[in-house]
Amino acid sequence: MDYSQFLYMPQEIGLLLVFLLVFIYDTFMPARMGKHLPMFATIMTALYTVYSFFPCPDSWGVAFGGMFEANAATWVMKNILNVGVLLVMLQSVKWTNDDFVSVRRGEFYELLLLTLFGMFLMISSRHFLLFVIGLETASLPIAALAAFEKRHYESHEAAAKYMFTAVFSSAIFMLGISFVYGLSGSLYFRDIATTILGQKSALLILAVAFVIAGVGYKLSLVPFHQWTADVYQGAPTAVTSYLSVISKGAAAFAFLVILVQVFGSVYAQVWQWMLYAIIILTITIGNLFAMRQRNLKRFLAYSSISQAGYIMLGVIAANQVGMASMIYYVLVYIFSNLAAFGVIAVIERATGKVTIDDYNGLFRTNPWLAFTMMLAMFSLGGIPPFAGFFSKFFIFVGACQTGSVAIYVLVFIALVNTIISLYYYLLVVKAMFLRQDDCVVPYIDSHWTEELALTVCVMGIIAVGVASGIYTFISQITASTTVAPMFTMVG
Amino acid sequence: MNLTLLMYLVPSLIMFGCGVYGFLTRKNMIAIMISLELMLNSVDINFVVFNRYLFPEQMEGMFFTLFAIALAAAETALALAIIINVFRVARKVDINQLTKLKF
Amino acid sequence: MPLSYTIAVIAIPLLMFLFLGLVGVKMDKKLTGVLGTIGMLITTVLAYGVALTYFFGADQGQMADGVRSAVVVFNPDWLSFTKTLVVRMGIMLDPIAAMMLVVITTVSLMVHLYSLGYMCDHHGHAEKGFQRYYAFLALFTFSMLGLVVATNLFQIFIFFEMVGVSSYLLIGFYYQSPAAVHASKKAFIVTRLADLFFLLGIMILSFYTGTFDFDKLVFGPEGANSLEVAQSAIASSHGATFLGCSVMAWALTFIFIGGAGKSAMYPLHIWLPDAMEGPTPVSALIHAATMVVAGVFLVARLFPLYVIEQGAMEIVCVTGAFTAFYAAAIACVQSDIKRALAFSTISQIAFMMTSLAVSSAQGGLIEIHGGHGLGFMASMFHLFTHAMFKALLFLCAGAIIHAVHSNENSQMHGLHKYMPITSIAFLIGCLAIAGIPPFAGFWSKDEILVACYAKGMGWGIWMSMVAGMTAFYMFRIYFLIFHWRQHEVHTEHAPSDQPWTMTLPLIILATISVVAGFVPAHDLVTWDGRELHTQLNWTVAGSSVLIACIGIGLAYKMYFKENELPDKLQARFSGLWEAAYRRFYMDELYQFITHKVIFQGICKPIAKFDRGIIDGFFNLLAAATGQAAYGIRRLQNGSIQSYVYLYLVGALALAVITMVCVLI
Amino acid sequence: MEIFSNILIYFVIVPVLTLAGLALCSNKGIKAIRTVAVTGATVLVALAIYLVYLFLQARGAGDTSEMILRSDVMWFEPFNIKLALGVDGISVVMILLSAFIVFAGVFASWRMNPLPKQFFLWFYLLSTGVFGFFISIDLFTMFMFYEVALIPMYLLIGVWGSGSKNYSAMKLTLMLMGGSAFLMLGLIGIYFHSATDGQLTMNVLEIARNNAIPHQWQLWLFPLTFIGFGVLGAMFPFHTWSPDGHASAPTAVSMLHAGVLMKLGGYGCFRIAIYLMPFAANELAWIFLTLTGVSIVYGAFSACVQTDLKYINAYSSVSHCGMVLFAILMFNTTAMTGAVLQMLSHGLMTALFFALIGMIYGRTHTRDIRDMGGMMHIMPYLGVGYVIAGLASLGLPGLSGFVAEMTIFFGSFEHTDTFRRVLTIAATCSIVITAVYILRVVGKLLFGAVQDEHHRQLTDASWDERLSTATLMLSVAAIGCFPNFFVGIIHDSFLPVVKALGAMI
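Going down the list, the sequences are from chains A, B, C and D. Residue numbering for the first sequence follows numbering that gives the first Met the number 0, beginning at 0 and increasing consecutively. Residue numbering for the second sequence follows numbering that gives the first Met the number 0, beginning at 0 and increasing consecutively. Residue numbering for the third sequence follows numbering that gives the first Met the number 0, beginning at 0 and increasing consecutively. Residue numbering for the fourth sequence follows numbering that gives the first Met the number 0, beginning at 0 and increasing consecutively.
Excised from the complex, chain A in its bound form (with noise of 0.2 angstroms):
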């Protein structure tokens, strides 16, 4: 065997490596220096993060026979979530450092970080084998992170929820890859899709259904979204930023490679239609919920259901500005999303209030937040000039490029839910801002890693729109020669 190929993969042994430093630390140093275990963990990462922006592209090609491939969208792509996974630390710090999980503060990065593998494992397989690992090393740690508050009952209901349903999906899964597998008789994505050219047998669908169930559950696409809310408002604040985007994230991007590369084939016949309905039902039935939710944590779980569905447009639109413009979604979306969250934790850290009605008159008390937790639902509303409004303009585009009518209708009702959308992130602005109540959160002065997170995630917000240079660069990392393959299959 030719050990050279694992010079394919720097981002994911650098990430190892983090991990190993991380795993080290924790485990011999001494007890008086375990508090500093979450700023080194963090530093690491920022290093890596760091060192992984620089592209290599004579390390970009496939190895291991075509099981794995690293090109540069999936470094784009990783690179985000490294990004996201660096906020999502930088909140953490302190939280990890009070008395009660201090204790097992050395596990949750090192969970952190193997998650992190994993999707990037799920990113850059070409194989089906390859992507079940991957899968499961980024959703079985979840749930053991889920459960990290020991004294909440909720985070044990809520890991023991993602533990069943996870494994039921995995699971279904499963099965579906055994039924491509006794189609195609291969698990490499390029083989199957040569060998289903053209097929439609019944296997074949049921085949695909279970495989955008088996995927769709991470990407919580309705109707395999219901272990969404519960688990994200029982976790800790940390794990279910963690969970809203980088997981999802990653999800998505697999998901286009999936259904593009594999079942690209077989795209008008067997999934576009599938896939639409999922769309509707997403946008829609999250909007709703999220609609009622009093909670903000189990709010923003619904909002991010409906994101998902957005951020679905991109691959049913299985071509190249689609695929820009979800991961420029995915991109925004992180730092919307880890602005809103970031201001979450720290009033939950600072008071322990997670409900909309305690953030009545935030903004009297806390300007800066309230003026983060605004652009974050501007962003999520799709207002200009925020991020969030490119990103959504975009992927309308994207979705409307394929040209038929039904896709048109389809971004409409996206567009009518909007509306409903930009209702409940208003709701949260207008507990800030409008609403007067006498027992308004006091004062907190944040620590400096957290307003250092949220700071970037605003600047992300407000930048990642108008410097055009961003978009403009995915979607020249899209067209280039190493990932347009992708999409001659689809038809």
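I should point out that these hints are in silico values taken from the structure, not numbers from a laboratory. We put the CB at the ideal spot given by N, CA and C, even for glycine. Take these hints with a grain of salt, some might be off.
[Stated by the list, open to error] Which chain C residues face chain B? A few, computed with CB under 8 angstroms, are given here:
hint	residue
1	Arg632
2	Asn636
3	Ile639
4	Gln640
Since the structure of chain A is already known, use the hints to place chains B, C and D on it.
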């Protein structure tokens, strides 16, 4: 007598069905976990059988099964741990008590 | 250009308005009044200068081969709708414009002077809003002058609106009395309704003729009204018709309705009596002498068009004739002196309208140069004389009201002893309006009657009868005020003649009313600028004087000395009397239409519909969404097994549906 | 960057700088805040006037290009989205209008509290959007600025409003956003059919030049865009946000919203819907003519029975803005010129109205005309101002309303088509109804006896209020007295679109 593909597939699917049924009906979390195992194992059977009957020239299915077994084991371990956690808090392993978070 | 200073005649009142409105408010009240009057005096002098230069100017520049032609002093573009259809703001002088300049400035000056006294209480302290009053007077004068010198139809419309507004402001001068506010509102809205038709008329006319300018509509090459031009203007519609009538007939009728609104023709007259809520000098200026004849002026402006388009002309004629009688009938029973005068005004304006309308072009274009051209001249002449003596009458009424603090003639009686000058002035006015030679009214009214007889015996008789009624009701008022019985003094100081500021105008106007009849109108204000050779028609003159005398005699019999006769008659014809006193219930009718039908029947339902149905729909959408959100919450019932169940069902459903769609 | 040599960009930069300046002020330093706000507004006015000068100069120099001061900067290269600037006569006057109203608005909210700083921040964000919309001719940027202008309304009404402000703010925002949902789809559709040769573009001029949108697509995209903008133009039946929104909004916001924001609707309808899709415009004009014709009469009638001053004005705005869209749909230069004049007139006049109402409300704390009376006696300045605004609104010659309405009526009547004629006559009738409700208010509110004795010791306008209203009154009179100046600027800008429409018939 020689066994055909279906003779393996049908039982494995039945197994999977049983797993699903058990998952949906059992109250005890352990039982539910067992039915999950059933489902996963039926998937393994599928892979092996497909490999053996349809594509005997290479071993992908077999390898997948091996990994799948390992993953199933990991999942079981984690699930047990969580069930124990829940038991610590609630003194029960009844799945119906996990309905605090809803709507 | 010798007449270029005409612009000053227009500009001074405007500047005066701006000055008094912006600066004057801070100044001493009396001072502003005096300033305003001086300004008006200058304007008047200039206006007389203009008129004299125009009519008898040495250079005779505007006199081309015996035709007194129109002179356009200046005429810049103001608003261009299209390259061709352009609204201009200009000054044009022709016989009637010049005459109107004289009328307006004279009356306005008198009123300015008069108001110096009238708008003060007995201690000579100026009332509140004195400056505002003079500012508005200036504004009105400006608008009215702008109206008469208009070079195009649209400019007339513009100044129609302007005079409407200034009249609104002046009627509502006592804005704290609800009656005044209501009256002003009524006046504005009724005239506005008329203006709507005016506007439609202009729209139609300009659409077909492609111009607003008189020199393309009515003025011939030699700058005087020409039937040929009018003919071609009418022809430009190429016989287009609407509902059977030619569009031009519609246009001219609509335009006439516009004029009828301002000139208070039936049924648009209802605002004028209420307008008497304003200060009396204002009534004299606006609602007796000037603004109310704007309609007549408008029809006179477009005279050739109407002459060609006989259909419209007939409408004018009938409306005029009927209104004359209708208003006179009401005037006979009014007890409020100003109301009575108002109705007499309506009746007199109707006279002018009719006499315009009896002109016709039957038998080709030649005949208009003969007898029928008389109507135009007579109407304009009557307009002139009537302005003078009606203003006189109103100012007298003002003096009386100022003295006894009441409009009801039951509060007056026998004032002759106390206010002799006023009494004599009033008498002169009455004689003039009744048409007793040699007073002004006689000459003009006589020629009107001649014109009417020329149209047809019936018309003549009808109008003569109205003339008789005029004599009757005017003297009824006169006797009731100044004689009938002793005046019982219930204020501490007896009524007396007013200060010179108020008496002087009376004297001046009275003099004019006496002599105005000898103005050679038939030479000056003919429709085609040519001299019109008329001689007194003895039969008509004699008969009309006779009828007038009968009317006066009747009034004398009934009202000179206190007696039972009036009450008897009133009891005898109580129904008729009541109806006439209530102005034949026209106001009630309008009340019903506006309040019950439009306000209650249209506005309120629409408002309800808006809030209920349309707004309700959007609220319903929101509510429905909320309900849906509430309804589906059961999906998330927290039990893992139901989650998984839904998961499975969802996946299978996707698969099955796709199978059904794809495979079958 | 060469774009900074283009004066237009400064219409966005100046408000943004003002935003920054305000952000630097402390919450307490009211003086500093005012200074910054006023400076910004004044610079904008100066810029706007200079722009008019430049425009006239360019036209005078025989520059007949459709848009002057053009400059493009590539923004989102993959979609060929440019930061495309350019103005024609219409945008120029619109910018002038906006500048004046922003100026007046700043003074109208001189004594704004609480949180003056935040108020002005949102206020200037709104104006940024407005100006950006008017200077840009790229669909994407236009839409972006459009929404930038919309969203501040929520907080401006919600925080500083009165009455049922939460409900109104939410309603207004959602309905307008609903409109922009239609709009976004329409724009995307236009974008994908903007060219036949695959060079998709967002530039209005290029799209119009290519004229490549297939007819059956136009039939869908035209209603989407027209309704999208029509919602903001308060077109029946999408107008119901306007009464509630205006009733609850603070003075300056009502001014800016009715004065400028609602104009975005009319401007967009013309610039995007009609200009880019002349075929569908001709085909479907009758629908929207009916709707707008209805809104003219309907709004006027509804205004007759309202008792809340702001409701009356909101409904009269429905009527007047209906006239704008109505005239735009008449497809001839005269009527369209009238439409723009009406936008100017209505903008200034309504702003004046809302300013005065706000000032009266600030003193009496009621807007119900039944509780007020004889205000003319108590606060003469405001009273006179109100009368002037009223006369302008009912179309007194010499004030702006008359000019605009007459141009519209005569322009519309140029159409020989009977259907349009009938609608025109119906619309003309509104001048009477307008007179009715205006005089009703003036009579009840200003004249008559003083209803409430407490009102007697109320004061008249303060200097800032006088300045704010006087600016508007003078502008109203200026348009009314010298209409040809504005007509000259506007008129020719309509020739291209009229030509395109003519080609379709």
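Do the hints match the structure? See the list:
Proximity of C:Arg632 to chain B holds as hinted, the smallest CB-CB distance being about 5 angstroms (cut-off 8 angstroms). Given hint, C:Asn636 at the interface with chain B, holds; its Cβ is 6 angstroms from that chain's nearest Cβ, closer than 8 angstroms. The restraint placing C:Ile639 at the interface with chain B holds, with a minimum CB-CB distance near 6 angstroms, inside the 8 angstroms limit. Contact between C:Gln640 and chain B, as hinted, is supported at the beta carbon level, the nearest pair being about 5 angstroms apart and thus within 8 angstroms.
When held up to the earlier numbered hints, the structure conflicts with none and fits them all.
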